[in-house]
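For the record, the sequence lines run as chains A and B. Position 52, counted from 1, in the first sequence is what full-length UniProt numbering calls 52; the numbers after and before it change by one each time, with no gaps. Position 118, counted from 1, in the second sequence is what full-length UniProt numbering calls 118; the numbers after and before it change by one each time, with no gaps.
Hint data in this document are derived by calculation from the structure and do not stem from the laboratory. Careful, some of the hints might be misleading.
Because identical chains share one entry, a pair is satisfied inside a single copy or across any pair of copies.
[Said to hold, decoys possible] Calculated lysine to any residue pairs in the SDA-like style (CA-CA distance at most 20 Å, straight line):
#: 1; residue 1: K548; residue 2: A495
#: 2; residue 1: K317; residue 2: V282
#: 3; residue 1: K34; residue 2: E82
#: 4; residue 1: K548; residue 2: A37
#: 5; residue 1: K97; residue 2: F86
#: 6; residue 1: K443; residue 2: M348
#: 7; residue 1: K2; residue 2: A503
#: 8; residue 1: K317; residue 2: G246
#: 9; residue 1: K2; residue 2: R58
#: 10; residue 1: K34; residue 2: Q81
#: 11; residue 1: K2; residue 2: V176
#: 12; residue 1: K2; residue 2: V497
#: 13; residue 1: K2; residue 2: Q127
There are 2 protein chains.
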Amino acid sequence: MKASRFLVSTLKEAPADAEVASHRLMTRAGMIKKLGAGIYTYMPMGLRVIRKVEAIVREEMNRAGAVEMTMPVVQPAELWQETGRFDKMGPELLRIKDRHDRDFVIQPTSEEVVTDIARQEIRSYKQLPKNFYQIQTKFRDERRPRFGLMRGREFIMKDAYSFDRSPEAAKASYQVMAQAYRRIFDRFGLRYRAVAADSGAIGGDLSEEFQVIAATGEDAIVYCPDSDYAANMEKAEALAPTGPRGAATQQMTKTPTPGKSTCEDVAALLGVPLSTTVKSLVLATDLLDDQGAIKATQVWLLLLRGDHDMNEVKVGKLPGLAGFRFATVGEIEAHFGCKPGYLGPIHMKQPVKLVADREVALMADWICGANEPDFHITGVNWGRDLPEPDLVADLRNVVAGDPSPDGKGVLAIERGIEVGHVFYLGTKYSQAMNATFLEEDGKPRPLEMGCYGIGITRLPAAAIEQNHDERGIIWPDALAPFTVVLCPIGMDRSAEVKAAADALYDQLLADGVDVLLDDRNERPGAMFADWELIGVPHRLVISDRGLKEGQFEYQHRRDTAATKVPAAEAAAFLKGRLAV
Amino acid sequence: MKASRFLVSTLKEAPADAEVASHRLMTRAGMIKKLGAGIYTYMPMGLRVIRKVEAIVREEMNRAGAVEMTMPVVQPAELWQETGRFDKMGPELLRIKDRHDRDFVIQPTSEEVVTDIARQEIRSYKQLPKNFYQIQTKFRDERRPRFGLMRGREFIMKDAYSFDRSPEAAKASYQVMAQAYRRIFDRFGLRYRAVAADSGAIGGDLSEEFQVIAATGEDAIVYCPDSDYAANMEKAEALAPTGPRGAATQQMTKTPTPGKSTCEDVAALLGVPLSTTVKSLVLATDLLDDQGAIKATQVWLLLLRGDHDMNEVKVGKLPGLAGFRFATVGEIEAHFGCKPGYLGPIHMKQPVKLVADREVALMADWICGANEPDFHITGVNWGRDLPEPDLVADLRNVVAGDPSPDGKGVLAIERGIEVGHVFYLGTKYSQAMNATFLEEDGKPRPLEMGCYGIGITRLPAAAIEQNHDERGIIWPDALAPFTVVLCPIGMDRSAEVKAAADALYDQLLADGVDVLLDDRNERPGAMFADWELIGVPHRLVISDRGLKEGQFEYQHRRDTAATKVPAAEAAAFLKGRLAV
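Between the sequences and the hints, there should be enough to build the whole structure, so can you do that?
Structure follows, in structure tokens:
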């Protein structure tokens with residue numbers, strides 16, 4: 001490509017609403033242009049990156065035996081009503097009425113449509129397994145779209161759906177996809193982790209997120225540097241602590257802590273480690289009657305160590321706690337006789353269900369609220385001062401330094417950006433939509449499904465969050481809009497420069513190198529700044545001065561200085577530098 | 001590709017709503033699957049065809065210097081309000097409200113968005129010309145979607161937009177696109193015509209439709225077999241007839257024609273050629289006041305030969321007739337004292353504007369209605385029996401046999417399917433949206449635009465209308481889902497057949513041939529029927545019997561019998577048969 005035939009369009013200033021590097025840099029590099037909140041045009045420079053992402057994904061999906069199709073963007077509501085998602089999904093699902101006042105949605109994913117296709121196409125176990133995928137425009141009407149392509153409303157997603165005879169076969173299909181995803185992310189040239197994720201009601205471990213590591217990532221991801229354990233924060237567990245519980249050494253004492261309503265403040269006031277304090281969280285669960293009115297309410301007191309945070313996913317899975325909510329101030333006062341800030345499990349007004357985190361259950365001589373404003377209790381001990389908890393469980397987020405659950409070291413935490421997700425679905429959709437096949441015994445069985453997504457347009461943004469500096473983007477070779485840029489200096493004045501640039505350009509093109517020749521006749525400073533902002537990884541400068549010495553200047557986007565390369569060897573040198 | 005890894009899914013029966021061959025065959029061949037009215041999933045077999053269309057279009061657009069981008073499917077209403085199209089476009093424009101109750105549309109085309117991009121990106125004449133294109137999902141909420149992909153609601157279109165300094169430069173850009181379109185349609189291997197089309201208010205001849213010739217086409221296209229004249233029916237003109245007018249030889253006579261209200265019936269009753277009758281069409285134009293109320297109405301009488309039809313586009317361009325409507329029965333009775341069926345230009349109750357077609361103006365001794373039920377007048381002559389018309393003009397559609405306007409023969413008419421359109425837009429959008437650039441003299445000027453569309457998903461349907469038989473589709477090589485199919489017979493029973501099929505498959509793949517190996521172990525009859533329905537152009541059959549003779553059987557989809565090919569030469573033979 002020659003720059004004069006392309007659209008090289010860089011900006012000095014980032015848009016005011018750009019909060020993260022990828023949004024700023026993609027806009028400044030002329031890769032995206034905002035049309036509305038969370039809605040972007042993929043400009044020529046950005047579209048080239050997206051096409052490279054798509055090509056790698058498509059190649060690996062095909063290699064893994066998946067078959068591409070394209071489902072409609074605008075989908076009739078009927079199928080979404082079959083699974084109940086038309087009503088259950090919130091305003092993120094963009095709903096439309098057509099000219100005949102019939103309901104439609106714009107696809108946020110396509111489970112319903114692909115299950116409808118499967119129930120028509122798949123009749124016999126002989127046709128299984130099957131995996132259908134598409135790379136297609138999606139829309140989610142996010143409440144607060146932001147961060148450019150990172151959390152847009154319109155975006156491109158690769159979504160794949162596997163269909164199998166049995167849970168075992170479905171899990172094998174899942175593993176094929178998980179492997180394909182590793183190949184895909186390896187080929188992108190990004191640092192990433194595949195982390196176990198919560199699989200909700202379906203259970204088991206068959207859900208993994210593919211997270212691109214970046215300090216600005218929205219997700220905390222947990223891993224063990226000494227093993228291959230990795231999980232997202234929702235899912236991650238520490239090795240269960242082992243007893244025995246320490247013996248009581250202190251008397252239980254009511255202690256004034258005026259104005260100190262947090263564990264941090266209390267520990268500081270008393271000069272003790274935060275880990276000797278216990279925080280009290282009050283939850284409630286409602287029992288509903290047939291009309292959906294509240295028949296009865298159960299109040300729960302959860303005890304966590306002062307330096308730990310509750311993990312809502314883990315708590316929601318405990319017996320009796322599905323669908324929990326935080327208790328109201330009224331409920332708290334009724335049960336504890338005290339406002340939040342000084343609550344504790346001792347001297348309650350009404351009984352509650354008491355749930356202790358595994359760590360808290362093993363503590364001795366701990367500190368909690370006294371159920372009286374401006375007072376805490378120190379030296380609290382299980383059994384002696386209060387009965388054993390109704391339930392002991394893992395209630396908390398892990399923290400760095402926790403022992404890894406595989407016993408092979410301690411956990412570390414870093415930030416990541418989710419760009420892929422593989423998920424074993426079971427028969428959730430096939431049962432709702434009666435998508436069955438005939439087993440060998442002639443009986444119908446629901447199809448076992450999995451779903452597999454990659455955020456095609458989010459991926460370049462994640463790549464940038466991981467790979468940029470103050471001058472701009474630094475693309476891995478596989479994702480760069482152009483792999484190589486040739487920067488001739490004074491091409492309009494020097495016939496020699498022009499001839500050398502044209503010859504090298506033609507040679508690289510003939511060798512299949514994705515090269516751009518910058519024939520805009522910009523000044524060197526402006527030209528270099530453009531390509532550093534755009535992030536092309538390999539640059540060759542062709543100048544009159546260099547030609548006199550028979551040399552070009554090569555610089556990788558990460559290099560701090562240029563390398564002189566004999567002109568005659570430039571093409572060979574360059575190809576040696578390109579990632580395969 | 002191996003069939004076992006793909007989705008080969010054919011149907012015996014076509015859907016009940018399939019009225020045309022392409023709809024029937026694409027559905028039966030498993031290429032499309034209906035999701036809702038005018039909304040289809042592109043199934044794996046169909047998507048392969050669409051991707052081939054896209055690839056050829058993309059290659060030729062790039063070659064012609066156009067730059068690809070991708071504009072959003074969901075577009076904020078604001079831009080559409082700037083040009084007035086948000087209100088002016090009918091219910092075909094699908095309108096949406098997002099969660100914040102803001103108005104959006106789903107793109108039917110993207111003039112507004114691309115003009116918005118141009119006004120931001122193009123600042124100077126030095127950046128011109130530019131041509132931006134996309135290949136992207138579109139939606140038009142057709143009142144009556146039908147014919148499968150031919151007139152769907154959701155479809156894929158390639159839309160390109162050129163930006164230039166001057167009308168002359170814009171016309172040059174238009175010609176570059178028209179040339180690229182010829183290359184594209186040549187490469188598709190379809191019979192097509194580029195026909196002049198009406199360019200509406202913009203005038204000039206800079207609008208052409210690319211029509212795939214097919215007997216089932218919705219459009220009548222006009223061409224001269226002896227020259228390169230071609231136009232669509234709206235636009236086509238015959239050579240203007242030359243005088244002098246014939247002399248009057250008959251007396252004007254009121255003739256009873258009881259119950260004969262059409263020219264055909266009258267001509268039959270009187271035993272005269274239809275071409276001696278004249279039909280009367282009554283139109284009206286309204287003059288509106290500032291509030292949009294009707295201030296005055298002008299009634300027009302148009303006279304056409306009985307064997308000719310009115311061309312509404314031509315009539316709408318006549319002075320005073322822009323925005324005409326057909327007169328009401330009340331208006332007709334007030335001016336003619338008679339109901340429709342026996343109207344004519346003689347003995348009217350109130351004066352009207354009289355417009356005669358060029359042919360009628362030269363007629364003598366003609367026949368028209370008597371403005372009295374059940375009576376016509378014969379032997380009518382201009383000047384003697386009624387005054388000369390207020391206006392003489394070309395009011396009619398051409399008919400086969402009319403002299404070509406270039407004087408080089410007579411016109412012929414065939415049917416076509418519009419699959420592409422190139423159009424010079426002028427400054428219609430750039431002026432409405434204030435999209436200007438700075439000219440060399442430092443002054444802002446509106447960008448001169450052109451727009452260029454290709455119906456990517458309509459094209460395969462048009463190709464099928466042109467190329468099919470009673471057994472199924474017959475794809476040109478360039479569009480086939482697979483160029484070659486290998487049909488081994490009894491691959492599961494014969495190790496020799498399997499080995500020969502696998503070897504040939506590997507060799508063809510290595511040579512870059514788009515080949516499918518049918519490893520489904522279907523019976524020969526079912527297998528051949530599938531591939532004849534799907535329309536793969538080249539088939540090689542590998543059987544035990546053939547292998548004993550060292551031969552495979554080759555058959556092109558259009559051949560009536562197979563050709564024996566020595567096994568060793570099969571790959572070379574096949575490649576010789578493939579279109580380049």
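Hint-by-hint comparison with the structure:
Taking identical chains as interchangeable, the C-alpha atoms of K548 and A495 lie at most 20 Å apart only when both belong to the same chain, with a minimum of 13 Å there against 67 Å between chains. Within a single copy, K317 and V282 get their C-alpha atoms as close as 16 Å, which meets the 20 Å cut-off; across copies the closest is 78 Å, which misses it. Taking the closest pair of Cα atoms, K34 and E82 come within 20 Å of each other only across two copies (17 Å); inside a single copy the shortest separation is 36 Å, beyond that limit. Neither within a single protomer nor between protomers do K548 and A37 lie at most 20 Å apart by alpha-carbon distance, with minima of 53 Å and 69 Å respectively.
When the C-alpha separation of K97 and F86 is checked against a cutoff of 20 Å, the pair qualifies both within a copy, at 13 Å, and between copies, at 16 Å. Within a single copy, K443 and M348 get their C-alpha atoms no closer than 58 Å, and across copies no closer than 81 Å, so neither meets the 20 Å cut-off. Within a single copy, K2 and A503 get their C-alpha atoms as close as 13 Å, which meets the 20 Å cut-off; across copies the closest is 42 Å, which misses it. In the homo-oligomer, the alpha carbons of K317 and G246 never lie at most 20 Å apart, since the shortest distance is 29 Å inside one protomer and 98 Å across protomers.
For the identical chains of this complex, K2 and R58 are inter-copy neighbours only, at 17 Å across copies versus 27 Å inside a copy, given an alpha-carbon limit of 20 Å. Within a single copy, K34 and Q81 get their C-alpha atoms only as close as 33 Å, which misses the 20 Å cut-off; across copies the closest is 18 Å, which meets it. In the homo-oligomer, the alpha carbons of K2 and V176 lie at most 20 Å apart only across protomers (19 Å), although the nearest pairing inside one protomer, at 41 Å, exceeds that limit. Proximity of K2 to V497 under the C-alpha cut-off of 20 Å is restricted to the intra-copy arrangement: shortest distance 15 Å within a copy versus 51 Å between copies.
Taking the shortest alpha-carbon separations for K2 and Q127, only the inter-copy value of 14 Å comes in at or below 20 Å, while the best intra-copy value is 49 Å.
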